[in-house]
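Here the protein sequences line up with chains A and B, keeping their order.
Residue 106 in our numbering is what sits at position 106 of the first sequence, and the numbering runs on without skipping anything.
Residue 1124 in our numbering is what sits at position 124 of the second sequence, and the numbering runs on without skipping anything.
Simulated from the structure, these hints should not be mistaken for laboratory data.
There's no promise every hint is true.
[What the hints assert, rightly or not] Simulated DEER-style distance windows between Cβ atoms:
| id | chain 1 | residue 1 | chain 2 | residue 2 | range |
| --- | --- | --- | --- | --- | --- |
| 1 | B | Glu1035 | A | Tyr70 | 11 to 21 Å |
| 2 | A | Ala78 | B | Glu1035 | 21 to 31 Å |
| 3 | B | Asn1245 | A | Ala49 | 22 to 32 Å |
| 4 | A | Val75 | B | Arg1077 | 37 to 47 Å |
| 5 | B | Lys1365 | A | His34 | 43 to 53 Å |
| 6 | A | Ala49 | B | Pro1219 | 50 to 60 Å |
| 7 | A | Thr47 | B | Lys1110 | 49 to 59 Å |
| 8 | B | Gly1323 | A | Tyr70 | 48 to 58 Å |
| 9 | A | Ala49 | B | Asp1006 | 56 to 66 Å |
| 10 | A | Ala49 | B | Gly1277 | 33 to 43 Å |
| 11 | B | Ala1136 | A | Thr37 | 53 to 63 Å |
| 12 | A | Ser102 | B | Lys1365 | 19 to 29 Å |
| 13 | A | Pro50 | B | Arg1242 | 55 to 65 Å |
| 14 | B | Ala1290 | A | Gln7 | 48 to 58 Å |
[Unchecked claim] Pairs of lysine-lysine, BS3-like flavour, derived with a Cα cap of 30 Å:
| id | chain 1 | residue 1 | chain 2 | residue 2 |
| --- | --- | --- | --- | --- |
| 15 | B | Lys1037 | B | Lys1097 |
| 16 | A | Lys81 | B | Lys1477 |
| 17 | A | Lys10 | B | Lys1037 |
| 18 | B | Lys1218 | A | Lys10 |
| 19 | B | Lys1537 | B | Lys1218 |
| 20 | B | Lys1330 | B | Lys1275 |
| 21 | A | Lys10 | B | Lys1248 |
| 22 | A | Lys8 | B | Lys1477 |
Built from N, CA and C at the ideal position, the CB exists for glycine as well.
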Amino acid sequence: MTSPLQQKLKVNGPVIITANRLGDGAVVHFTADHRWTTQLDEAAVVTTAPAATELLHAAVADDIGAVGAYVAPVVLGAEGKPAPGNLRERIRVAGPTVALPSHPEF
Amino acid sequence: MYHYDDFDRTLVAERVDEFRDQVARRLSGELSEDEFKPLRLMNGVYLQLHAYMLRIAIPYGTLSSAQLRMLGHVGRRYDRNYGHFTTRQNIQFNWIKLQDLPDAMADLAKVEMHGMQTSGNCVRNITTDQWAGVAADEIEDPRIWAEILRQHSTMHPEFSFLPRKFKIAITASTHDRAAVKVHDIGLRLHRNGAGEVGFEVLVGGGLGRTPYIGKSIKPFLHKRDLLSYIEAILRVYNQFGRRDNIYKARIKILVHELGAEAFAKEVEAEWQLIKDGALALDPAVIADVAARFSYPDYEQLEDSPATLTSALASDPQFKIWFGNAVSNHKVPGYAIVTLSLKPTGGPPGDATAEQMDAIADLADKYSFGEIRVGHEQNLVFPHVPQRDLPALWKAIDAIGVATPNLGTVSDIIACPGLDYCSLANARSIPVAEEITRRFRDHNLARDLGRLHINISGCINACGHHHVGHIGLLGVEKNDQEYYQVSIGGRADEHAELGTLLGPAVPYAEAVDVVEDLVAAYLELRARPDEIFLDTVKRVGVEPFKERVYATR
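For reference, chain A alone in the conformation it holds in the complex:
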């Protein structure tokens, strides 16, 4: 598979860098000070391809913190806080859209 660093980024709006944490696979996002956080509103939001590329390089360089970093779209709320930009990312952030069998709600 092509490395994310070799792919030409198309950025048409606000984006973040997201990945899965190495130890437990949890969804994490890359911050402006190059940390990984589970809180989406702490993620660094960029809006240009060069800025996204630079952030992605830094994220991928941290091979122990997280795995499979990529650029994901976000939408900005009224206070400028990012929310997931598509269904896939909404599910990653919020979890499955169905009740888990161990916690049935049907």
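Given the coordinates of chain A, assemble chain B onto it according to the supplied hints.
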């Protein structure tokens, strides 16, 4: 049940130790992700949307009660208290942590389980009929051959880096419950004109992006030649299969591009070089493997005992369940019982840790401690005395696995879809759950007759949508979920690919379309016992297409 020998136990134990070391080196940074990924995949460890996923092999779908109890333990201790049975007789845990995986694997090894051959470009878990060894229409137990192939293919150095994954299925019955025609290699045990039992070999079947029905390249293969012939197929594939394009790497593409006849000639030429060598199966070896399968010490019982006939006469609900979930056993006085993992409003194929524990206990009590997993994502008790059926029914009803919907519209095969899977484009589970809610009247559902719905969340087709009587394929358009609808597919001995009806429909309409198709079928069927599939065959897809798209 098959019983491991010391070699098997040592191999699995060593694999746990290796993986523990690999995980430690990954967590410390000594191994990069690029180095580690192929190692974890060789142990069935994927990284999905929310977490790591562990896929555990259940060879030929046979589980002991101790193994099922251990799966419940793994779900409870290392995951979120449930597991998902897949269309390839495996089980997946969706929330497991990398740091916990070595301990989980060590626990699994205690009951002879592991994740080998559940991922990567190797020969995957070899599947068969979930009724193997007990089916009334079976020639012989196909699991012996599955086990011989498992032993041969496990960590086989020549076949650990194939162009792509490789799936083998075996059936020994007239009615194919193992979907052998949609596997890379399908093996059908049958009797030739001389009365000998051997294999018909089909090759190049598969679903996914480019679906094909397997082609028969060897009408009759003697048992002694099984390993050498399979090895010849794999060698031809290894040599000529495409490695430059992942979408064209499966053997089905090679068979299609070469043509089945030319492919068979290549195999034949390779086979002639090796057929009389070390791979020729010695009857003693076959006997040794067969001897490691234990069978219940059946009692001499009569069919239709008084406890059964009395319950059938007095309890209509029991009678409904019996008609739906109980099948003929080859031993008089016994029955095969299927447990539905398709509750109304629930995800197909999931079982909680508590259910696994309870099912294991009931297997000990009523099925000689044995459970089977079918590719339809249900479980089976293969050896139930008929006299115990009323008591068993009450017990499984109490834990939610006696829904009398097997083979009906709500017995849906579905992949995890976008709720879990990093490859998916659309969700499968909520669509399946809504279908089961719409058809929650099981009397109506049974009146509809046999109707298989298959749902896949992406073109990889883990939900086998191409071979559903109704197939739904989730696609993504402009960040919205849509579903392509096909009808007329089937995965049995008359396997066919479904026909695409027309443009994909949005998520909100997918279940309405299923209802429309069912309504059209009810109007079109020639008689109450003409099943959906036969109506499609008789009238074609056009009347269904008109019904679906008339108002869309």
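* Does the Cβ-Cβ separation between Gly1323(B) and Tyr70(A) fall within 48 to 58 Å? -> holds, 51 Å
* Does the Cβ pair Ala49(A), Asp1006(B) satisfy 56 to 66 Å? -> Given about 59 Å between the Cβ atoms, the range holds.
* Asked: Do the Cβ positions of Lys1365(B) and His34(A) conform to the proposed distance bound of 43 to 53 Å?
  -> Hint violated: Cβ distance 58 Å, outside 43 to 53 Å.
* **Straight-line alpha-carbon gap Lys1537(B) to Lys1218(B), limit 30 Å** => holds, 29 Å
* Between Ala1136(B) and Thr37(A), does the beta-carbon spacing fit 53 to 63 Å? -> The hinted range 53 to 63 Å holds for Ala1136(B) and Thr37(A), with Cβ atoms some 59 Å apart.
* Below or equal to 30 Å on CA atoms is what counts here, so check Lys10(A) against Lys1037(B). => holds, 27 Å
* To do: Please work out if Lys1330(B) and Lys1275(B) have their alpha carbons no farther apart than 30 Å.
  => The hint is violated at about 35 Å.
* Asked: Can the suggested window of 37 to 47 Å be confirmed for the beta-carbon pair Val75(A) and Arg1077(B)?
  -> The hinted range 37 to 47 Å holds for Val75(A) and Arg1077(B), with Cβ atoms some 39 Å apart.
* Asked: CB of Thr47(A) to CB of Lys1110(B), is that within 49 to 59 Å?
  -> This hint holds: roughly 53 Å between Cβ atoms.
* CB of Pro50(A) to CB of Arg1242(B), is that within 55 to 65 Å? -> violated, 37 Å
* **Pro1219(B) and Ala49(A) - C-beta distance against the hinted 50 to 60 Å** => The hinted range 50 to 60 Å holds for Ala49(A) and Pro1219(B), with Cβ atoms some 59 Å apart.
* Consistency of beta-carbon spacing, Gly1277(B) to Ala49(A), with hint 33 to 43 Å -> Violated, since Ala49(A) and Gly1277(B) (Cβ atoms, about 59 Å apart) do not stay within the stated range.
The structure is inconsistent with the numbered hints 2, 5, 10, 13, 18, 20, although it conforms to all the rest.
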